[in-house]
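Q: This is what each chain is made of:
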Amino acid sequence: MLKHLLSNQLQLGLAQAAVAALAALAVVLLARKRGIQLVSELTIAMVRGLVQIVAVGSILLLLLRSPSWTSAFLLIAMIVAAGATSARRAKAMPQAFQVSTWAIACGAGSVIAIMVLAGVIDTPITALVPVGSMLIANAMNTNGLALNRFRSDVLAHVGEVEAALALGADGKNSVAPYVQGAFEASLIPAIDSLRSLGIVWIPGLMAGMLLSGARPVYAAIYQFVVLAMIFAASGLTSLVSTLMMRARVMSPAEQLILRPGQKTAGS
Amino acid sequence: MNTPAQRDAAVLRAENLGRSVPEKVLVENATFEVFRGETLAIVGPSGSGKTSLLRLLNRLDEPTSGTVSLDGQDYRQIPPRDLRRRVGMVMQRPFLFPGSVADNLRFGPRQRGENLTDERIEKLLAGVGLAEYRSRDVANLSGGEAQRVSFARTLANSPEALLLDEPTSALDEDSKREVEQIILQIGREQGIACVLVTHDPAQASRLAQRVVVMEAGRIVRAGKIGEVIRA
Chain A
1 MLKHLLSNQL QLGLAQAAVA ALAALAVVLL ARKRGIQLVS ELTIAMVRGL
51 VQIVAVGSIL LLLLRSPSWT SAFLLIAMIV AAGATSARRA KAMPQAFQVS
101 TWAIACGAGS VIAIMVLAGV IDTPITALVP VGSMLIANAM NTNGLALNRF
151 RSDVLAHVGE VEAALALGAD GKNSVAPYVQ GAFEASLIPA IDSLRSLGIV
201 WIPGLMAGML LSGARPVYAA IYQFVVLAMI FAASGLTSLV STLMMRARVM
251 SPAEQLILRP GQKTAGS
Chain B
1 MNTPAQRDAA VLRAENLGRS VPEKVLVENA TFEVFRGETL AIVGPSGSGK
51 TSLLRLLNRL DEPTSGTVSL DGQDYRQIPP RDLRRRVGMV MQRPFLFPGS
101 VADNLRFGPR QRGENLTDER IEKLLAGVGL AEYRSRDVAN LSGGEAQRVS
151 FARTLANSPE ALLLDEPTSA LDEDSKREVE QIILQIGREQ GIACVLVTHD
201 PAQASRLAQR VVVMEAGRIV RAGKIGEVIR A
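Chains as they are written, first to last, in this note's numbering: chain A, 1 to 267; chain B, 1 to 231.
Just so you know, these hints were derived from the structure itself, not from any lab. Where is the CB? At the ideal position from N, CA and C, for every residue including glycine. Treat the hints with care, as some may be off.
[Unchecked claim] Which chain A residues stay away from chain B? Per the calculated CB distances, all over 10 Å, these:
1. W69
2. N173
3. S196
[Said to hold, decoys possible] Derived DEER-like restraints, expressed as beta-carbon distance ranges:
4. A/Q98 / B/N29: 35 to 45 Å
5. A/A228 / B/K24: 48 to 58 Å
6. A/E41 / B/Q190: 22 to 32 Å
With these hints in hand, go ahead and build the complete structure from the sequences.
A: Now the structure itself:
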């Protein structure tokens with residue numbers, strides 16, 4: 001219907017964004033009736049997301065003729081921004097920003113580098129930045145899930161952790177069950193995405209490739225490639241972040257730093 | 001007043017021990033000793049700093065002043081894992097790990113690469129009145145049984161001192177009496193120095209030889225149990 005009303009592509013895009021945002025707002029208002037307050041957070045997130053993605057689109061337009069290596073700076077900036085976003089989700093964790101940024105850099109960064117070297121991701125900026133950003137964004141989400149789960153599990157099991165410490169266990173062993181739990185839980189979305197690929201959903205990248213005239217079989221295979229890369233990046237990020245955090249919730253004298261209601265140094 | 005010989009025999013000695021967190025003093029200037037085979041009770045109202053003091057003795061929390069000596073050695077010179085093996089702790093709740101009773105008893109020794117023999121497990125369980133419980137899943141134990149397993153698990157590390165943080169406060173009367181018997185037996189037969197935190201002066205009288213009374217993070221009275229608790 002919108003396409004018939006609006007011929008200008010930019011106007012059409014904004015109108016489509018408004019309709020999608022209205023759908024999201026409707027859900028939030030529905031949630032509000034059940035006492036769940038999300039209006040301000042979602043409104044800020046949507047406006048921020050729209051501004052950011054339009055800004056990136058504009059930057060991509062400017063960088064279109066730049067050499068490929070400039071995309072590395074863009075990806076590094078994205079990793080730092082992802083680290084900051086992820087750290088906000090794990091407020092009470094010690095050194096959450098450092099841990100998140102390093103974990104995303106190791107997870108998403110190394111997968112991007114390997115795939116570029118292997119020729120799986122094309123080097124032109126218009127291919128590298130969008131695919132790389134997908135890996136970084138998913139790594140960020142996984143990292144947030146992992147840290148949140150680790151934090152809540154440790155806080156719910158302070159007694160067990162300290163019982164282990166009191167029996168002479170080292171700090172890392174004392175929280176080991178919660179590292180494993182956080183790692184597994186954080187990868188559920190990535191595993192479910194792979195499992196339901198093509199049955200429950202046809203991802204946007206594949207839809208985009210089909211719309212731009214790619215052969216359906218190649219579009220499908222490349223979508224699998226992207227999801228496999230997302231899984232690899234997310235898994236590595238989660239592993240690095242939980243292992244790094246495992247060491248940071250303990251003091252040098254093997255005392256549990258993370259306690260209910262306690263602010264931690266460097267958070 | 002202890003003689004120099006007695007002071008040398010102290011297993012644990014806290015000297016001017018204190019811990020403060022922002023805007024709150026939890027423990028201030030606590031000085032006392034505990035001797036081999038002796039039980040020292042720490043009594044006081046809720047929030048007086050009893051548990052906070054106990055947690056400083058095995059360095060689960062870091063003192064902000066003073067220190068503790070274990071067998072005459074400053075405990076900051078002892079690796080924390082070794083310290084906690086030597087200064088065992090039984091908490092208010094047992095916090096058993098998922099698995100069997102034997103798995104729980106093996107946990108401590110396994111941390112330093114030792115394997116607890118079946119014979120030793122049987123002996124430890126018999127000592128807390130739970131012979132034949134070796135293969136039981138801890139999920140199926142009563143509160144009293146779980147607390148007794150917690151004692152056996154701590155004793156599996158062969159500690160020199162034992163910190164008891166209100167170990168009977170969550171138990172019914174029958175289980176409480178059973179656990180009290182274990183505490184008496186530990187001091188009498190194994191010669192372990194015990195520090196018992198309790199809010200119940202009557203329990204302190206039944207189990208301890210000496211007592212310190214805490215109020216607002218400070219030790220306000222100390223001495224032989226009969227003299228202090230009556231006072």
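Q: Indicate, hint by hint, whether the structure satisfies it.
A: Status of the hints after comparison with the structure:
Every CB of chain B is more than 10 Å from the CB of A/W69 (nearest about 48 Å), matching its label as outside the interface. The Cβ of A/N173 does not lie farther than 10 Å from every Cβ of chain B; its closest approach is about 7 Å, which violates its non-interface assignment. The beta carbon of A/S196 is kept farther than 10 Å from every beta carbon of chain B, the shortest such distance being approximately 32 Å. Range check, A/Q98 to B/N29: about 38 Å between beta-carbon atoms, so the 35 to 45 Å window is met.
The given range of 48 to 58 Å is respected by A/A228 and B/K24, whose C-beta atoms sit roughly 52 Å from each other. At about 58 Å, the CB distance of A/E41 to B/Q190 disagrees with the hint of 22 to 32 Å.
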